[in-house]
Every structure is written in C-alpha cells, then in structure tokens.
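Asker: Here is how the chains run, residue by residue.
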Amino acid sequence: MVPLSWYLVLSAVLFCLGVSAFLLKRNIITIFMSIELMLNAVNLSFVAFANQFHNLDGQVFVFFVMVVAAAEAAVGLAIIIAVFRTRETLNVDRVNLLKL
Amino acid sequence: MNQPALNLWIIPVLPLVGAAINGLFGRRFKNSMVSAVALLFTAASLAYAVWVALQWWGHTEPYVQSLGDWISAGGFHAPFGFYLDRLSTVMMLIVTGVGFLIHVYSVGYMAHEGGYYRFFSYLNLFMFFMLTLVLANNYLLMFVGWEGVGLASYLLIGFFFHKDSAADAGKKAFIVNRIGDFGFLLGMFLLIGMFGSLNFEAVFGPLKTYSPELHWGILTATALLLMVGATGKSAQVPLYVWLPDAMEGPTPVSALIHAATMVTAGVYMIARSSPIFSRAPHALEIVALVGAITAIFAATMGMAQTDIKRVLAYSTISQLGYMFLACGVAAYAAGIFHLMTHAFFKALLFLGAGSVIHAVGGEQDMRRMGGLRKLIPVTFWVMTVATFAIAGFPPLSGFFSKDEILWRTYLNSPVLWFIGVVTALLTSFYMFRLWFMTFFGDLRLGEVDIGEEAHKADAPVQAQHAPAAHSHGHGAEEHGHSGVHESPWIMLAPLVILAILSVVGGWVGIPAALGGSSHFEHFLAPAIQAPLTAEAGEATARLELTFAGISVAAALIGFFFAWLLYYKRPELPDRITARIHGIYLLVLHKYHIDEGYDQLFVKPLLALSTYVFWRGVDQEIIDGTVNGAASASQQLGRGLRQMQSGNIRSYAAWVAAGGAAVIVYMIWLGVGK
Amino acid sequence: MLHQVLFIIFGLICVGGAINLLVQRHPINSALSLVVVMGALSLIYLLLGAEFVAAVQVIVYAGAVMVLFVFVIMLLNAGAEERSRGSHVALWIGGPGVVVLAGMIVYLMFRNDKHFTPVTIGSFPAQPDNTHSLADLLFKKFLLPFEITSVLILIAIMGAVVLARRES
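Line order of the protein sequences matches chains S, R and V. In terms of the numbering used here, the first sequence has 24 at position 24, counting the first letter as 1, and numbering is strictly consecutive. Going from the second sequence to the numbering used here is simple: count from 1 and add 1000. Going from the third sequence to the numbering used here is simple: count from 1 and add 2000.
Note that these hints are calculated values from the structure, not bench results. All of these numbers come straight from a predicted model, not from anything done at the bench. Honestly, I wouldn't trust all of these hints.
[To be verified] Quick partial rundown of chain S residues pointing at chain V, CB under 7 Å, derived from the structure:
| # | residue |
| --- | --- |
| 1 | A12 |
| 2 | M33 |
| 3 | I35 |
| 4 | V65 |
| 5 | A71 |
| 6 | A73 |
| 7 | A82 |
| 8 | V83 |
| 9 | V95 |
| 10 | L97 |
Virtual Cβ for every residue (Gly too), placed ideally from N, Cα, C.
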C-alpha cells in the first residue's frame, strides 16, 4: 500500500535532479544524459497514472517516449561528434561561437 | 416685403475676382493689362455700389441679405450675410469711391516699379476685405474682413519686401493689430454669451430693452474689449506704433489703407456698435479719453518729424483720435462725418505727397524740399486745398466735421474740448509747416547737410524709388531744377477729384447753427441709435457759432506760427530747438515709445520664447521625449541582448526558470486542484 | 508492507544514482550510474504492474541507449571535466528555478494525495496479461503514431549517419 503521491514525488525528484545536472555539468554528454534522466522521470509519472486510472494509454505513451528518446539520443550524439571534430572539446562553455 | 434683389455680395466679390486674376495670371500680363483688370473690377464694384445705394436711398430700415450659414454649431449660427443700412451705405461709397481713385493714381505712380501685378492684386484683395467688413451683417463676418484688411495691409506695407525695414514694418503692423484683434475676439465671445448670436439684429434687437449700465458690468466689458480691437486697427494709444512704420509701403497704400479706409474700420465698428456703447457710459468715457489723448499726443509728435509721409502718418493718428473722441461723446454721426471728410483730404494729402516725392525723384525729407510751388503747380494747388481743409478753415470740409466734433465734445466735457482745440492748433501748425517747407522758399535739394544727430534720430523712410538718391544728395544733384517735373495726368486727375470733394464734401453736414440742416446726421440717424443734437435754440446756436469761431481762431494761430517759423524767419526753428533741446529730442524720438515697448514687451517675450519654449520645452522636453524613447529602446535592446550570450548553460538555465514559471502559473490558475 | 519496503529500496537506489550522476566528474561514471537508475526504475515499473514496459526499459533504454552513450564517450575519449568558468546565470537563475519547481510539485502531490487510491501490487491486472493488452492498444488505437515513430527512427538513423560521417 504505497500512496500514489510517493511515486509522483519520486518522479519529481528525479526530474529536478535531471534539471540540476543539466544546469551544472559542463560535459555535453553528461548534459545529454541528464535529459534522459528527465525523460525517465516523466515515464515513471505516466506509468503511475496508468496504474491509477486503470488505463493502458499511459503505458503506450511511455512506449512512444522511449522511441523518441532513443531517436533523439542518436541524433544528438551524432551532433556531438560533429562538434567535437571541429571544436576538439566537449566542454559546453567552449561551444560559444554564437556569443557576440 | 417688396424688396428689390440687391445682391450685395457682388460688391465685395468683384474686386476679389480682380485680385484672383491678377494674382494668378498677372505675372505674364503686361502692365497695361494688369491695370486694366484691376481698374475694371474696382470700377464695376463702384458702379454697382452706387446703383445699390440709389435703390435703397429712401429706406430707413436695413436691407439684410443672408446667403446661408457659414458656421452652424449647436445654437450658434453665423451666416454669410450682408447688411445695408445708411451707415454701411456711406462707408461702402467711401471705400469704393476713394479706392477707385487711388487705383487710378497707382497706375501712374507704380508704373516703374517691379511687382506691378502683385501690387494691384493686393490692392484689389484689400478692397474685397474692406467691403466685406463694412457690408457684413454679423460680427464674425466683419471680423473676417477685419483680419483680411490686416493681411492686405501686411502684404502691402511689406511690398518692397527685399528691404528689411519694409518687411519689419509689415510684421509690426500685423502683430500690433493682432493684439487689438484679441480684444475684439473676447468682446465677440461676450456677445455670444449674452445674446447667443453675433448677428447685428440678434444683438441690437434685445439690446433695445436694456437700460444703460451705470456700473462696471458685462456690457461695459464688452464695449471696452471691442474698443481694444478698434484701438489696434485705428492706431490709437497705445497701439498706434505700427502706423508710422507703415509708411514703408508705397504711397498709394498709405493713402488708401492708412488714411482713408482700413484705419477707419475701428471707428466704423464703434459706430456700428453704438447700441452697445450707448448703454455703457463708462466705456464711452474711456473711448473719448483715449481719442483725446491720441489726438494731442500724435499731434505733438507730428510737429518734429522731417519726413513728409511721417508727418502725415502722425496726422492720421491724430485725426483718428478726433473720430474716437466723437464716438466717445456719443456723436457717432459726427465721427463718421469726419471719417468721410478725412478720407477725402487725407487721401489727397498722401497722394499729393506721393506726387511731390515723384517730382523730386524720390526724396522724402522735407528739409531737402522747398520752392516747389512754381515747379509743380497742380500738385501745389491740390495740396493747398487739402492743407486748408485739414486745418479746419471754412468753408472746406474739414472745418464742418471737426467743428461738429468739438462742439459736441464741449457739451460733454469742456476739458476734452480744450484738448481738442489745442490739437486743432497743433494740427494747423504742423500741416502748414509741411506746406511751407515743401512748397515755399528755395529748393534745397542736395544742398542741405543734415546734422548727424537729427539724421540718426529720424531715420527717414527709405526712398521708395530705388534708383533715387538718398545719400546726401549725390543723385539729387543730377536732377537739379530741371529734373523736378509734374506728375502725369493719370496721377493728377484723382488728385483734382479729391480736392473737389475736400471742398464740397463738408456741405452735407452743415449744422443748423451755421445755416444748414444737418443732412448727414439725419441721414445716419436710423442706423445709429444715439441721441440727436437738440434742435438748436437761439442761445445754443449762438454758443455754437462762438465755438466755431474759436476753432477757426486756433487754425489761424497755427497758420501764423508756421508762417513765422518756416517762411518769414527760417532760422528761428533751429534756435528754438537749441533752447529746448531736451524736450525737442524727446519729441523727435517719438517719446522713445518704440524703445519702451521693445524693452517691456518684445525683449521679455523673445527671451521667454528662446529660453523657455524653445530651449526648455521644445528641445528638452519634446525632443528629449522622442530621443529618449529611441535611446530607451536601444538600452532595452542592449540589455535583452545579454540573454543571447551564446552560452548553452545559460540558455538551459533560462529554460528551467521558464518552465518553473509556467508551472507555478498553472498551479496558481488552479490546474490540478 | 513488502510493497513499501521494495519501493523505498528501489526508490533510494534511483535517487542515489541520480545524485551520483550529478556529482561524478568523469562522464563514464555518470553514464554507469544512469544505467543503475534505469535498472531501478524498471523494477519500480514492475511494482506498478507494467511488466512489458519494465522489460522494454531494460532492453531499449539500459541496453541500447546507454550503450550508445558509453560508446560515444569511449570514442571521443572524453576526459574528466575541467573546471571552467561557467555561466553565472545558470547558477543564480537555474538554481532557484529548480528548487521552486521541486517544491511546488512535491507540495502539490502531497496536497492532492487524498484524491488518489493507493497502489498495491497486483492491483492492475490486464486481461489476459499486460503485453497482450498493450499490443492490442498499440496496433489498433495507436496504429498511426506507431507507424510514424517507425518513420521517425528511420529518419534519426539517416540523420545520425549523415551527421557523424567524416568529411572526405
């Protein structure tokens, strides 16, 4: 008998940790990983609500989120590789060619 | 009513058409074409005016023709309306008649000037506005004419606009007039407030039920404000300063506008508003006082002037003072009578002076004239008639009108009468001074060396014929005696006509005491609501005769002194002025009034405009606001640009913060409650 | 009771992994702790009665996506993070932002707890089992999104190939 809010709070905590990592880390790949963490947190929310409302649509949506996350990770990493080739660094502060 | 269709609007519109034709196309016309157009329309207007006058001669009630509303706002209506009663008949005939004569004269006088078409266009335009003024049936349309003549005056005074002095004089005239117009406007507002309309009938009708206002009330205020307007237009103290400077304009302009017609608009307006003034005795007192002060004040200044046109200018101011005085003692008919005779002899004086100037090749300083009587006889004789008329010698016109004014003034206030008599004396003196200096003695062209001091002070009006000499007689020497020639007949004919009018013009107003029957006054009586002179009993008749004698005596004394100082013993004036040097200089410098106005009003206003309005409001506030808005946008942009730092982590931070803000907002909205 | 114990254990593992991800300097350590997080999450899914999702989580997420991450880290030979001058904005705006976010959500969840029924193991039996019903939904109701996501993956593959190719 676990109250639903515990699951949701867990999801929220994971999400916020993901956001913090997103803000604080300097390695591009780590930042990407924090995005994955955020997506996982959201997945947990969906599944919890699917359980709550006895509706499988939530789980289907988790499915789709995973697909999208995978695609996004693939493309994103490809971009990182391309950037690494030119900038020779994975430090996000160095990728600042747009700065005036 | 079996009213004949008089179509009064034709009278002003004809000169307007002439002005338009000359103004728009005149540049390509030959001079003869321009003058033909101008004369044609003016003559047509005159002819029609005469015909209209004859049609309506016997009627005592006014002919009103309304051509539809100009302004219709709420309950207030101002129509394009025309009003023909006896007063406007007289004015209309004076304006068209004298105007036509001056147009004829100008054809000859301006023949060698540039801008010929412009001159006649403006002159016709002036006629249009003046006729609108005298024929209007409501104060607002009269005000249109009022302003319009001011405009025409500005255009014509500044006719030689490339000369700074002329341009400045034009501006001065217009601005000083505006001050008066402001008073006129306020008076009109009060009338609207009291009567809800500016139509003469709507105002004067209800006024019949009013009793005279013995306290300082609203009628007095209205009358005083109207008087302020008249003061500006008719060059009374303290708004007379523009008229001497207006002599910068061509001489026909001075004759028409600043002698015969425009400056008389103020007197006309007061006469027209006689129902108002008659019920505001305090205002009338002030009008009389202003008139008397102006008359004597200007006369003193006229005594010291050396430029022939300046003398006539101050003379005009002085005579206008007489007209004001007449209205001030409720002798409106006498004022209009003097207006008419003055139009004749003053126009004649100015045109004659123009003829003199033309004869001596542009010289205007009387000290350099003299002995012209043999050389330009026709001009001499007409000027003689005019001078005797203005001095008030019977049986010329000026005597009857001036004497009527003085007599009526005496009945009201002996003090003002005395001022009037002294002024008459001074008038006679300076006019004969002009006469003697110009026509008698030896021709002094090019001989007289004018003293430095007097030269600086007087700054005679610049010679208007450009090639003519002013610089210490070099050019004048070229003319010599043989160069002085009589004017062409086209300039002399109007002079002769005006001279005849100056002689006979007064005979319509001979009062009963002197054997006449006051035709003029009775003629105007239905138009002017004022008490008539009591029918002369024996005793009053004798008194009137006595006073007439006193007026003539004053004129004779003036003649005597002028003869003494400027003919018999010409060295006397210099000795006298040396004795009373201080006073003489004061008068010569026109009592420093112009300088006083400059210090009191012009300079502070200029400073206010420059420092407060220009630098302060315009540059600081308005420009500051506009430029400040621009630079504020720039600053904002610069600040916002910081967000686009190119730093990914700061973008991430903004996203996170934004997300948080959205969620907080949604929670606050109640989503998920 | 068991449910709660299990939840707390796996929950703590999740959070611990996430914190480790945050704390570690070398990206490979972060990647491995993320794997741990995903594994623990998969177990929590099981607690919520989503068996298929739990399995897919392990297979796809932990098994494919994270492996991809590890490959890239090894490929690029990413070293430990250097200390570099970061963005002040991140700290000063992002920090409070996160805190506010967390606070709000936690507060909300606890406030609305009374509207929800508690979760028990086995409270969500799908007929005949989870996979079956899920497949039913996926290929009937959500067929179009399903097909579109397959196209999406195709595009992602092509994009990744193109982007990562060495310019020759």
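Asker: It remains to establish, for every hint, whether it holds in the given structure.
Answerer: Consistency of the hints with the structure:
Because the smallest distance between the Cβ of S/A12 and any Cβ of chain V comes to about 4 Å, under 7 Å, the interface hint for this residue holds. A cut of 7 Å between beta carbons decides the hint on S/M33: the least distance to chain V is about 5 Å, and the hint holds. Given hint, S/I35 at the interface with chain V, is violated; its Cβ is 11 Å from that chain's nearest Cβ, farther than 7 Å. Restraint check, S/V65 versus chain V: the minimum CB separation of about 10 Å is more than 7 Å; hint violated.
This hint holds: S/A71 has a C-beta 4 Å from the nearest C-beta of chain V, less than the 7 Å allowed. Against a cut-off of 7 Å between C-beta atoms, the interface hint on S/A73 holds, since the closest Cβ of chain V lies about 5 Å away. For S/A82, the interface hint holds, the least distance from its beta-carbon to any beta-carbon of chain V being 5 Å, beneath 7 Å. For S/V83, the interface hint is violated, since its Cβ never comes within 7 Å of a Cβ in chain V; the closest pair sits about 10 Å apart.
Hint status for S/V95 relative to chain V: violated, with the closest Cβ pair at about 11 Å, above 7 Å. Interface restraint check: S/L97 against chain V, minimum CB-CB distance 16 Å, threshold 7 Å, status violated.
The structure does not agree with the numbered hints 3, 4, 8, 9, 10 stated previously, though it agrees with the rest.
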